[in-house]
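K.L.:
Keeping the supplied structure of chain E fixed, place chains Y, S, R and L upon it in accordance with the hints.
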Amino acid sequence: MLKMKIPGIMSKKGSDLSKKAGMAPGTIAYVGEARAFTPWIDVIEYGPETFTEAHKIEPDHCPEEDAGPSLIRWINVTGIHDIEVIKTIGNKFGLHALVLEDIVHSEQRAKLEDYQDYIYLVVKMIGIDPKNKEVTTEQLSIVIKNNTVLTFIEDEGDLFDTLRERIRKGNKKLLISGADYLLYSILDTIVDNYFIVLERIGDKLEGLEIRLLTHARAADVQELHGMKRELIYFRKFIWPMREVVSLLSKSETLQIKGNTSIYLRDVYDHCVQAIDTLETFRDLSSGLMDVYLSTLSNKMNMVMKTLTIISTIFIPLTFIVGVFGMNFNIPMFGDPNGYNKVWIFMIVLVATMLIWFKRRKWF
Amino acid sequence: MLKMKIPGIMSKKGSDLSKKAGMAPGTIAYVGEARAFTPWIDVIEYGPETFTEAHKIEPDHCPEEDAGPSLIRWINVTGIHDIEVIKTIGNKFGLHALVLEDIVHSEQRAKLEDYQDYIYLVVKMIGIDPKNKEVTTEQLSIVIKNNTVLTFIEDEGDLFDTLRERIRKGNKKLLISGADYLLYSILDTIVDNYFIVLERIGDKLEGLEIRLLTHARAADVQELHGMKRELIYFRKFIWPMREVVSLLSKSETLQIKGNTSIYLRDVYDHCVQAIDTLETFRDLSSGLMDVYLSTLSNKMNMVMKTLTIISTIFIPLTFIVGVFGMNFNIPMFGDPNGYNKVWIFMIVLVATMLIWFKRRKWF
Amino acid sequence: MLKMKIPGIMSKKGSDLSKKAGMAPGTIAYVGEARAFTPWIDVIEYGPETFTEAHKIEPDHCPEEDAGPSLIRWINVTGIHDIEVIKTIGNKFGLHALVLEDIVHSEQRAKLEDYQDYIYLVVKMIGIDPKNKEVTTEQLSIVIKNNTVLTFIEDEGDLFDTLRERIRKGNKKLLISGADYLLYSILDTIVDNYFIVLERIGDKLEGLEIRLLTHARAADVQELHGMKRELIYFRKFIWPMREVVSLLSKSETLQIKGNTSIYLRDVYDHCVQAIDTLETFRDLSSGLMDVYLSTLSNKMNMVMKTLTIISTIFIPLTFIVGVFGMNFNIPMFGDPNGYNKVWIFMIVLVATMLIWFKRRKWF
Amino acid sequence: MLKMKIPGIMSKKGSDLSKKAGMAPGTIAYVGEARAFTPWIDVIEYGPETFTEAHKIEPDHCPEEDAGPSLIRWINVTGIHDIEVIKTIGNKFGLHALVLEDIVHSEQRAKLEDYQDYIYLVVKMIGIDPKNKEVTTEQLSIVIKNNTVLTFIEDEGDLFDTLRERIRKGNKKLLISGADYLLYSILDTIVDNYFIVLERIGDKLEGLEIRLLTHARAADVQELHGMKRELIYFRKFIWPMREVVSLLSKSETLQIKGNTSIYLRDVYDHCVQAIDTLETFRDLSSGLMDVYLSTLSNKMNMVMKTLTIISTIFIPLTFIVGVFGMNFNIPMFGDPNGYNKVWIFMIVLVATMLIWFKRRKWF
Amino acid sequence: MLKMKIPGIMSKKGSDLSKKAGMAPGTIAYVGEARAFTPWIDVIEYGPETFTEAHKIEPDHCPEEDAGPSLIRWINVTGIHDIEVIKTIGNKFGLHALVLEDIVHSEQRAKLEDYQDYIYLVVKMIGIDPKNKEVTTEQLSIVIKNNTVLTFIEDEGDLFDTLRERIRKGNKKLLISGADYLLYSILDTIVDNYFIVLERIGDKLEGLEIRLLTHARAADVQELHGMKRELIYFRKFIWPMREVVSLLSKSETLQIKGNTSIYLRDVYDHCVQAIDTLETFRDLSSGLMDVYLSTLSNKMNMVMKTLTIISTIFIPLTFIVGVFGMNFNIPMFGDPNGYNKVWIFMIVLVATMLIWFKRRKWF
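Residue numbers (this note's numbering), protein chains in the order written: chain E, 22 to 384; chain Y, 22 to 384; chain S, 22 to 384; chain R, 22 to 384; chain L, 22 to 384.
Just chain E, same shape as in the assembly (with noise of 0.2 Å):
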């Protein structure tokens, strides 16, 4: 689980990636997060008129292959940093060694790999971490071989606990529908997240906006550029997502079949959308920046009028005060209505003034 707080990702990633330089390429290495629990493995086994379920079982005893004609298999393992669990599966699979190493690498990109006989993708889970409030990612990979469903998650998670109660209550389309259907639920439900984070994004946006166009503080700058940069990252997300379910739409391997395309174009539609509401929300909250700038542009003018009335107005009268402050013999002391000269002409003087500041729209 990755967290999209401020410097976090960055240098974790960096670590992360950098740490397979040097490696022989197909070793198989945990990259990501230090977890310290046991990977443990959930099975449910389901058709027409069955129903199975297994929990946290070993991984030795983990079925192999095929449940038996018209039965669908999910397999789901919780934990990826465990590298024998991972292997013991592989072989029981026939897995290729590059997808071993990509299945326990937590920072690939959203991809589709066709091997023939099965398919292996990886999808990112955005979320919003119930505990923090903060958005998080996380890795599944999931292999697809006849009628099993292999899924392989970071950590425990509560993202897939409506789609696994669908089952137990015998959802009809569900039991009757093959494992490329099962697939689907599960991609379904993932792209589904996405619009909640972006809810989030754009509550937030909105709260922004306002406070931007009225009364901009120092600190909604920071919240701006924070907000900019979980949609870079979530862009970074999508992006490669939309790719994935495009390409399994159009597929043609043995594991789709085309009844189920139709399904995973309805999918792919939402990942466009939620594409388009991403393009949308950078759209504005670029444009938000120079509402920033020149709110700040006109207090600043707003405050060096203040100034520049005030100085001009009090600087020349300040002056005039202090002429007949010089300890000269000032012709004008002799005359008794010298001190009220003196206030008609700096009175004449701020009006004058005034009137020109007026007509040039200064207050």
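No false leads were slipped in.
Because identical chains share one entry, a pair is satisfied inside a single copy or across any pair of copies.
Straight-line distance between alpha carbons at most 27 Å, and here's what the computed DSS-like set of lysine-lysine pairs gives:
| id | residue 1 | residue 2 |
| --- | --- | --- |
| 1 | K108 | K190 |
| 2 | K108 | K132 |
| 3 | K152 | K257 |
| 4 | K326 | K382 |
| 5 | K194 | K108 |
| 6 | K194 | K113 |
| 7 | K132 | K257 |
| 8 | K152 | K225 |
| 9 | K278 | K194 |
| 10 | K113 | K193 |
| 11 | K108 | K193 |
| 12 | K194 | K271 |
| 13 | K225 | K382 |
| 14 | K225 | K257 |
Bear in mind the hints are in silico, worked out from the structure with no lab data behind them. Please read these numbers as outputs of a predicted model, since none were measured by experiment.
P.N.:
Below, chains Y, S, R and L alone, put in the same frame as chain E:
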């Protein structure tokens, strides 16, 4: 109906889309503004020589399948928020579950799906609310099956009144053409309406341009930003529309006949023209922020010059008179022309400064 | 004729386009500037050995179909605002209703439509009004059917005078070539005229550049913005023109013969060159706003430095003399050199400050 | 030869191009700088074993057609401003009227035309004038017909001297290869020269970068703007060149033989590298304006801080001493320590302010 | 080895590339940094069961052609600045003159050339110099002919030490695979190293971001600009690399066998990921300049507010006390409470101003 006012759109959009997360795919759930009225159905049937019309009929009485040879039937459903109504109609016409899901989901992107024996279109109507003069968007779903055209709109509206009137009055071209020509007439009406909104934006842009070039106020930035938003959203709606019409005009489906293609090509040309105008507005408005910032900078320059001229002239003078305000026994106090000499010195100083400012073109 | 002056274009454009909304498709309604004169028709017929010319003939007497073997007939209609005239001619040549609709709609995008037995082109002429030196645009519709070339222009103009003169004088290449070569000659004339407008914009840009780099005034921003507008609109007209000419030069329609392709390719090259020049101007002008803002900033810096130097020097001095203006019995008053000591102190202070400023390169 | 100095290029270019407007297409009219000298022709003939050279021969004596089997003839025409010369040569080689028109039109875009029995190329030479160190551009037209290579240059130049020298000295590869290898050698020379200009721009950019990052002056903005202009024009010349070379290297014309393709591909690689370098320079220079503006802002900040610190300290002090300059009978005047108390108060005040400024990191 | 420090790269690059201008094409001339050492050759031969290694052998003793069936020979040349060495090896393997020219020209763009019986690749290694921590780039030329892999590097380096170690230790996959798998291993090592540099840039970006958002200094702009430069150059190297690997993975040359494609596809995925990360960094860094400018503006606003508040309060007060400093016989002097009244007036004035500032949220 979705109003494009400043913050509204985003939060609403977000929540609508995320509502679907967690539901089983294919679940038909209304996504959109809450509405209270009971949906109703209007049916028009016409042919070269006949015309019948039925208002506000019950969903159960909605006619099934075709009216008869060379008869076109247009069934319009107003209100998509009652799922039962949509399901009833969907069953009558054998529509796919995903189509029904899309019909009641009012936040779709314009798209075209070809289901062999019928085609399904989602398009976006953009108009101006006659009450509050705000830009509104509404989703229109169209299904064409043989000689029947099914349309689903979100709310009551008068956009198609003139089209219905033309049918009633027996527009010859319409009466002798097929369902595809009716589809063309509907799309043509929608695209023509885009230009009304574009005109409004153009008028605003023009007013803004004049103001920003002359005496920009802070409120103008808000208006400019609001207009950019409108353009961003408009663009998001209009580009997929262009794609849909392009696909239709090239389409080789059973529903679109060859001689209607040239008309659809005409709608496509209008779409492209609307996009051209939109992009022109975007180019113009993106230049305006720069203009505004330069106007602001110019104003600031003026303000600062005023301050600097006044300060530069009077601060040294104030120092000079301050010197003679000191309670020392300054030699010049004995000079009877001392006071006049000080004035002469000060006048010469001011004159020198004014010449210096003049040469630098400060005023 | 559409003038590209500051606010005019948009409001007019908007209203024209939205006028069509609500009309039945295929309705032939004039869209464009109001005009009072009666349209007229000029006919030129020529062949290798013959040449006849007829001026201002009635629409009803407009010749139909072809003049005879190896004779080219050029029918030019001046004025498209009288729908009856257009309809009469349309009927004579069997033009499609959509073509007639487009001919009288003066806000089209350049396009090419192939109707099997004739081709229809819309192109944009851009020129400079000899009276007020403003950029004007006019729409030209061209129909080619066998050996007849029909042209429709909005208003009287002298753009094609030299072309007609060449025919009259018996330009050999023109006389022995077909209608497609006449079409080429017309397009060549139009594209050559684009360069006159580009030259004018180039001249303006050059003047502006020199001014902005040296002593920018606020009015220059207005001019820069006006020029950017012109470029935006020019671009909108010229890109579709390029497409049309490209299609023509590759076209395999009956109307364009093989040996004319090479000439059309030449017009295409000129279009591309015009676009190149246009984009170069856009690049140049987009850099100018930055230059202007930096010039402004520089000026501001100068102004502020002046203020700061004067204030920093004289404000402390004023304080010092203020100290000795206090009515306390200050010890130094007893010192006969007190007054001189104060001056020495002040001179040292100013000298120190000047050195400090000098070191920081403030002047 | 076209100099890329600040205002020259545009006005000249504009007028040249617009000169053609109104002329009949195919009219051979010189477009370019006025030149006085009489054009001359140089002929080189070489084969595996022979080499002959003729200087400044008359157009009428220019050899026609091929020199003989396995002999390559290179005819170079210096000066394209005398139309008669061009026409004479054009007739000898049967060149199309449009080719002649293009040869004498020195404002062409690089292009390649295949006229079946010969190919015609326009390319742009870019170099540095050895006299005034300015960037110059010159147009080169090349015609290849069988074993003859015709080149047309605008003015005398030494660009191909080294190439001629290689032929004279009997470079083996050149002597045994065909006319297409000579073409390759010419193009290679031209593209290699692009890098000399790029180097010059790179040097300027480097100097500018250092200055802008440290002590930017207003003149630097002018230089930066001038360099951006050079890059814009360079780009306009070099992209079409890349296209031409790409077409040549893929070409299946009779004039280019298979084994020369690999050499042309090498020239193409150099073109791409030149474009890469150019785009890198563009990216770098576009970042520099931002750097300059931030440097300016920084300086302004410094200036304003200085002003603010001085003003904030001394303006209140001046007020305080002003209070005791009032001619009231202020109680403190009676206090013998009054004067010292005032000083103590003022020193405490200044110290407080300095601490405040220090905490805010103002200095 | 090319260091990406501020001015170095450009001037050096420029001069290197322009050096070739004027030389005959195909001239083998070293372009790159001056180097003094004598190039040497290392040879490794291995097969499923054998392994031999030879260090620093003479060019003349360099083995020719293949080692034997199922034996892979890797010949590595360190140092490309001695043209004779390159020519000797080139002759032994029958390399084309253009290939030799490219090998010794260290400023190439990554590319792939297929010469039927061998393929030639240029790739760019990017690393961090262990001594001065600067980013360095080095060119690597690779030739694959049957079972022999020829590599040419500019300078001694330890990048491939781990790869050689793997061969020595008898990595099974390597030993049983062909020359194409060795090529893959080399490319994989290079691309993995890109991530080390990306990590470094990411770390810098992170530090910069935090500083710019909080207390930006002028030096940070220099660092930001330097980082943008690094990204621009990195991008220039990495995009062509992606092309090369993509071509290789799709290649149907004799040198690349089908089952190596999947490995090359993996390297391609890493390239794309590096580009993704790079573009993300570019997006992030381009937003940072805006952030910096807004931080600067904000600071300026603070400074100006301070100045304005102090000036606005004390300048009028100074005027007031100045009035009573005049040597007139002001009536209030007679008032025993005069002095106190003045103070009361001044305190009320200041209080009013503070309230006014507070309301405008100036502090």
